[in-house]
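Read top to bottom, the protein sequences are chains A and B. Here the first sequence is numbered in my numbering, starting from 1 and rising by one per residue. Here the second sequence is numbered in my numbering, starting from 587 and rising by one per residue.
Treat the hints as calculated values from the structure; they're not laboratory data. Backbone N, C-alpha and C define an ideal beta-carbon position, used for all residues, glycine too. Please note: incorrect hints may appear among the correct ones.
[Said to hold, decoys possible] Coverage of chain B stretches by chain A, computed from C-beta distances (three or more under 8 Å per stretch; other residues unrestricted): (1) 824-836; (2) 938-948; (3) 1011-1017.
[Unchecked claim] Computed cross-link-like contacts, DSS-like style, restricted to lysine-lysine with a CA-CA straight-line distance of at most 27 Å: (4) B:LYS610 with A:LYS6; (5) A:LYS407 with A:LYS197; (6) A:LYS37 with B:LYS956; (7) A:LYS450 with A:LYS437; (8) A:LYS464 with A:LYS408; (9) A:LYS37 with B:LYS860; (10) B:LYS604 with B:LYS659; (11) A:LYS8 with B:LYS913; (12) A:LYS573 with B:LYS1015; (13) B:LYS752 with B:LYS860; (14) A:LYS424 with B:LYS933; (15) A:LYS8 with A:LYS115; (16) B:LYS956 with A:LYS424; (17) B:LYS594 with A:LYS6; (18) A:LYS471 with A:LYS424; (19) B:LYS847 with A:LYS399; (20) A:LYS44 with A:LYS115; (21) B:LYS1015 with A:LYS549; (22) A:LYS196 with A:LYS4; (23) A:LYS44 with A:LYS124; (24) A:LYS8 with B:LYS659; (25) B:LYS610 with A:LYS4; (26) B:LYS610 with A:LYS44; (27) A:LYS6 with B:LYS752; (28) B:LYS847 with B:LYS604; (29) B:LYS860 with A:LYS549.
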Amino acid sequence: MSTKGKVKGIISNLVIVTVDGPVAQNEICYIETGNTKLMAEVIKIIGDNAYVQVFESTRGLQVGAEAEFMGHMLEVTLGPGLLSRNYDGLQNDLDKMLGVFLKRGEYTFPLDEEKLWDFKPLAKAGDVVEAGSWLGEVDENFQPHKIMVPFTFQGQYTVKSVVTEGQYRIFDKIAVVTDSEGKDIELNMTQKWPVKKALTCYTEKPRPFRLLETGVRTIDTANPIVEGGTGFIPGPFGTGKTVLQHAISKQADANIVIMAACGERANEVVEIFVEFPELTDPHTGRKLMERTIIIANTSNMPVAAREASVYTAMTIAEYYRSMGLKVLLMADSTSRWAQALREMSNRLEELPGQDAFPMDLPAIIANFYGRAGYVHLKNGATGSITFIGTVSPAGGNLKEPVTESTKKAARCFFALEQARADRKRYPAVNPIDSYSKYIEYPEFEEYIAKRISPDWTKNVNEMKTLLQRGKEVQEQINILGDDGVPVDYHVTFWKSEVIDFVILQQDAFDKIDSVCPIDRQQFMLNLVMDICRTKFDFSSFTDVMDYFKRLINICKQMNYSEYQSEAFNGYLKELNEMLTLETAQK
Amino acid sequence: MATKAFQKIYTKITQITKATCSLKATGVGYDELATVNGKLAQVVKIMGEDVTLQVFEGTEGIPTNAEVIFLGKAPTLKVSNQLAGRFFNAFGDPIDGGPEIEGEEREIGGPSVNPVRRRQPSELIATGIAGIDLNNSLVSGQKIPFFADPDQPFNQVMASVALRAKADKIILGGMGLTNDDYLYFKNVFNNAGVLDRIVSFVNTTENPPVERLLIPDQALTAAEYFAVDHNEKVLVLLTDMTLYADALSIVSNRMDQIPSKDSMPGSLYSDLAKIYEKAVQFPAGGSITIIAVTTLSGGDITHAIPDNTGYITEGQLFLRRDSDVGKVIVDPFRSLSRLKQLVIGKKTREDHPQVMNAAVRLYADAANAKTKLENGFDLTNYDERTLSFAKDYSEKILAIDVNIGTEEMLNVTWGLFSNYFKPEEVNIKQELVDRYWAK
Ligand SMILES: Nc1ncnc2c1ncn2[C@@H]1O[C@H](COP(=O)(O)OP(=O)(O)O)[C@@H](O)[C@H]1O
Ligand SMILES: [Mg+2]
Chain A
1 MSTKGKVKGI ISNLVIVTVD GPVAQNEICY IETGNTKLMA EVIKIIGDNA YVQVFESTRG
61 LQVGAEAEFM GHMLEVTLGP GLLSRNYDGL QNDLDKMLGV FLKRGEYTFP LDEEKLWDFK
121 PLAKAGDVVE AGSWLGEVDE NFQPHKIMVP FTFQGQYTVK SVVTEGQYRI FDKIAVVTDS
181 EGKDIELNMT QKWPVKKALT CYTEKPRPFR LLETGVRTID TANPIVEGGT GFIPGPFGTG
241 KTVLQHAISK QADANIVIMA ACGERANEVV EIFVEFPELT DPHTGRKLME RTIIIANTSN
301 MPVAAREASV YTAMTIAEYY RSMGLKVLLM ADSTSRWAQA LREMSNRLEE LPGQDAFPMD
361 LPAIIANFYG RAGYVHLKNG ATGSITFIGT VSPAGGNLKE PVTESTKKAA RCFFALEQAR
421 ADRKRYPAVN PIDSYSKYIE YPEFEEYIAK RISPDWTKNV NEMKTLLQRG KEVQEQINIL
481 GDDGVPVDYH VTFWKSEVID FVILQQDAFD KIDSVCPIDR QQFMLNLVMD ICRTKFDFSS
541 FTDVMDYFKR LINICKQMNY SEYQSEAFNG YLKELNEMLT LETAQK
Chain B
587 MATKAFQKIY TKITQITKAT CSLKATGVGY DELATVNGKL AQVVKIMGED VTLQVFEGTE
647 GIPTNAEVIF LGKAPTLKVS NQLAGRFFNA FGDPIDGGPE IEGEEREIGG PSVNPVRRRQ
707 PSELIATGIA GIDLNNSLVS GQKIPFFADP DQPFNQVMAS VALRAKADKI ILGGMGLTND
767 DYLYFKNVFN NAGVLDRIVS FVNTTENPPV ERLLIPDQAL TAAEYFAVDH NEKVLVLLTD
827 MTLYADALSI VSNRMDQIPS KDSMPGSLYS DLAKIYEKAV QFPAGGSITI IAVTTLSGGD
887 ITHAIPDNTG YITEGQLFLR RDSDVGKVIV DPFRSLSRLK QLVIGKKTRE DHPQVMNAAV
947 RLYADAANAK TKLENGFDLT NYDERTLSFA KDYSEKILAI DVNIGTEEML NVTWGLFSNY
1007 FKPEEVNIKQ ELVDRYWAK
């Protein structure tokens, strides 16, 4: 019999329930009010009082209301049909909800119970299997969706039977396995998993090293992220966090993209709803929405569910990784999740840490980032979750708990800078402060030398050195004046501007410039570095400026043209003429 | 407030603080309204039989034997077409001497729109102000505040935007409005002959500050009525949201909550988001657009109120006095409309996005030149040209007294480009230069 309880106290969405039996930390319960049931999660227990956070508004709730405890933690339902769906933070299918407004206490099933899936068996009678073993697969939006032994199973099982190839619904029996005591267990295509627990059906988590192409030059060329890597994008409001995340999610070379809109604007999610079904995945030519799952818990949706939303997203990502797929997970913004933790911690009157955030915030963030990664599955296949979160630092000041904790947990740092955004130098990623730790991995260097070219790393380093030099020179010019420094200094500065304008800046709203595949990035980097290595000899600094402005303009026209099209090659020719002319004169 | 016959009356208050009083009561719902000696209050905490009420006016003079009556409902507003043309206080009671509204009683602060039911905003709101229409185009369904120091003419700009916006209804939510400003709005709307399209909820500086907390929800409940029930385009004006946030901090402070940055409550982000996210384009054609005012102190946008606002709203319009031209301008650096991409170059001429960006880039170059000048360095010929450009640009485009159509704004800007620059200095796609460069 399940534990029951009665509401004793209410402070906003923190409710105290006196219980008549055992309850577990993080257990889910439903509280009755009027004719609806409000879902809640246990967050603290003292004696027979369970403190629960309600995932909905508690308006009108009264002392004495009945609560029923469910005996499990917050879970997601996993199975074919997750792709292309729009969920709230608790995995309710938003499209199944009727009406324009959300209704309190309305919960909808996340999958389609009636849809028939083309099932192909992968295991056969007699096979010994364990949690995560692949029993069969169905085709989900042209991707192999593995039907796996439930992750909650412990020890080994023997397959008794698997259904033959054919069409089945998610709740149809597709296999029977026998446990070590000889008990038969029937399996269908779905399973459940508690979101706050990492799904670790893998044997090994080696260091990731394979480039995850994003099509964004300032990332791939300057500070690349890898399959299974982690990164974060901090920046004051309006500097381009969301635009950058959307760009990555559109262009990245991933099988599955999961977007957790966590406590941010609803209209930004609508933008995805509108665009993704229309846009195509540049790697497969299929519609973007086919590989995408959206978890929308926007800022006006219940605060407690905001925290759950990132875990829901991560668990679904882990599920697809266990199928040997490349998953990209994005969360915008992780600061809102931290704020949700703060609101509850304050209500619980816990001892506050810095800026009133809970003391264990760094551990919570590190744990979450730790769930990403590149893994070897038990059957030898590999899978990955690349995780990129945005951070919204209060007042744009990076010395605040969420940014600092995240910096310790994530391996790539894409720092968006107000000054760059103000000057419309998008993406406003500061090229000097940002970093990717992956470049330092010898295995990455080896990989990238093969994937792109042996001199790639050398070129990139040279580019970064020049950017740094350019910045130093600019500071000197600012102090000493244009004619207070040698003309050479101006040349160095303008070379760094060429890198900035041609490589780093990229128009996310231009059809062509927005996506830059790696071969095009290679071409442009070589071109720009050739310019940078050219020796120029100008008589005055104004000539330097005029010359480089023209040069940058031509390069920008190239960025706006289809790669290697007639127009592109025309500009290239013009550029080369300009270069020969200037160098020949001397 | 009228009392109903069956309501139980309590007369024993056990605890009184500056903002709250507590008593023993049963059958009380969370968020429910009550009156304490006639003063409106709301349930903020229930612990067994102990109920804590937040008294909107404050608890001055409340005795331990005050009469407490629970009203059995959360705050509500009566909605109907009779709202149009009327002025109300924070509780939704008429303050214009007119009759009570008859209509359906709706709870304020109602549920959110399901994100999948939203439509993408796509309708340009033309204001004639080039600093807005050219650089920061507004779209219906958007939420955007003016960031301005208290001495800037934000209420005037907001009123002109409202009148030019072609909205079916304009709902004014005034919080801590001075009586003069209140009369100003009344006058402007009256003179424009649009009073019948206006609904106002006003809390002036003469009313208790905590009452303001009800204003946005009242205004937005009225807005939802017109936008959902009548598919109207509704524009909501909220001024001044900084005073709203101040009221939040007064309450949380009096209730001994742990403050976060700038003594604001930790929930400030969620509290503001609940209001601003009511801006929406409904599937049936109605829409709610929110234009707000967030006053700054000394132009500081890192303060918790503008900072959290900026993270929530779809951009901000930053007003600043440009001493070079002696006018108030919409600052192109700190201003942003995040929804402009949805309309510029689509609902406006194709060259709009590139012209807008190029002009701002050149304006930034002018700012650099100015720094050079201030540091006593010689200016290059290019620097000189950017400075002249900036002055013209400020006067003909950025100043808030500009009132022209979008095409003309673009033409004026192309004109400025060709007056001062060569095409390669402007960095615009060649095909657009070929088409529009003023010869
Ligand atoms: N790569 C880009 N190209 C062009 N414009 C951009 C780019 N990145 C950002 N922007 C501009 O900046 C605005 C704010 O970007 P957004 O990602 O919403 O900021 P944040 O999420 O950091 O608050 C966008 O609406 C757009 O106008
Ligand atoms: Mg954002």
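Here is how each hint holds up against the structure:
Taking a C-beta to C-beta cut-off of 8 Å, the stretch 824-836 of chain B contributes 0 residues in contact with chain A, too few for the three needed, and the coverage statement is violated. Restraint check on the stretch 938-948 of chain B versus chain A: 4 residues with Cβ-Cβ distances below 8 Å, three needed, restraint holds. Proximity of the stretch 1011-1017 of chain B to chain A, defined as three or more residues with a beta carbon under 8 Å from a beta carbon of that chain, is established by the 4 residues found. Note on LYS610 of chain B and LYS6 of chain A: the hinted pairing holds, with a Cα-Cα distance of about 18 Å set against a maximum of 27 Å.
Annotation: proposed proximity of LYS407 of chain A to LYS197 of chain A holds, straight-line Cα distance about 23 Å (limit 27 Å). In summary, the hint linking LYS37 of chain A to LYS956 of chain B is not supported, as the alpha carbons are separated by about 63 Å, beyond the 27 Å threshold. Straight-line distance between C-alpha atoms of LYS450 of chain A and LYS437 of chain A comes to about 19 Å, which keeps the hinted pair within the 27 Å bound. A hinted pair counts as satisfied when its Cα atoms are at most 27 Å apart, and LYS464 of chain A with LYS408 of chain A qualifies at roughly 23 Å.
Pair hint LYS37 of chain A plus LYS860 of chain B holds up; C-alpha atoms about 23 Å apart against a cutoff of 27 Å. In summary, the hint linking LYS604 of chain B to LYS659 of chain B is supported, as the alpha carbons are separated by about 24 Å, within the 27 Å threshold. For the proposed pair LYS8 of chain A and LYS913 of chain B, the alpha carbon gap of about 60 Å is over 27 Å, so the pair is violated. Restraint check: the Cα-Cα separation between LYS573 of chain A and LYS1015 of chain B comes to about 18 Å, which is no more than 27 Å; the hinted pair holds.
Proximity of LYS752 of chain B to LYS860 of chain B is assessed by CA-CA distance (about 26 Å); at most 27 Å being required, the pair is judged to hold. Annotation: proposed proximity of LYS424 of chain A to LYS933 of chain B holds, straight-line Cα distance about 22 Å (limit 27 Å). Note on LYS8 of chain A and LYS115 of chain A: the hinted pairing is violated, with a Cα-Cα distance of about 44 Å set against a maximum of 27 Å. Of the supplied pair hints, the one linking LYS956 of chain B and LYS424 of chain A holds, its CA atoms being roughly 19 Å apart against a limit of 27 Å.
For the hint pairing LYS594 of chain B with LYS6 of chain A, the CA-to-CA distance comes to about 24 Å; that is within 27 Å, so the pair holds. For the hint linking LYS471 of chain A to LYS424 of chain A, the alpha-carbon distance of about 18 Å falls within 27 Å, and the restraint holds. Simply put, LYS847 of chain B and LYS399 of chain A have alpha-carbon atoms about 13 Å apart, close enough for the 27 Å limit, and the pair holds. Note on LYS44 of chain A and LYS115 of chain A: the hinted pairing is violated, with a Cα-Cα distance of about 40 Å set against a maximum of 27 Å.
Between LYS1015 of chain B and LYS549 of chain A the alpha-carbon distance is near 14 Å, which keeps this suggested pair within the 27 Å criterion. About 24 Å separates the Cα atoms of LYS196 of chain A and LYS4 of chain A, which keeps this hinted pair within 27 Å; it holds. A C-alpha spacing of about 46 Å is found between LYS44 of chain A and LYS124 of chain A, which places the hinted pair above 27 Å, so the restraint is violated. Between LYS8 of chain A and LYS659 of chain B the CA atoms are separated by roughly 20 Å; this keeps the pair inside 27 Å, and the hint holds.
The straight-line distance between the Cα atoms of LYS610 of chain B and LYS4 of chain A is roughly 26 Å, inside the 27 Å bound, and the hint therefore holds. The hinted pair formed by LYS610 of chain B and LYS44 of chain A meets the criterion: a straight-line CA distance of about 26 Å does not exceed 27 Å. Proposed proximity of LYS6 of chain A and LYS752 of chain B is contradicted: the alpha carbons are some 53 Å apart, above 27 Å. At most 27 Å may separate the alpha-carbon atoms for a hinted pair to count; LYS847 of chain B and LYS604 of chain B meet this at roughly 23 Å.
Of the supplied pair hints, the one linking LYS860 of chain B and LYS549 of chain A is violated, its CA atoms being roughly 47 Å apart against a limit of 27 Å.
Hint compliance for this structure: hints 1, 6, 11, 15, 20, 23, 27, 29 are not met, and every other hint is.
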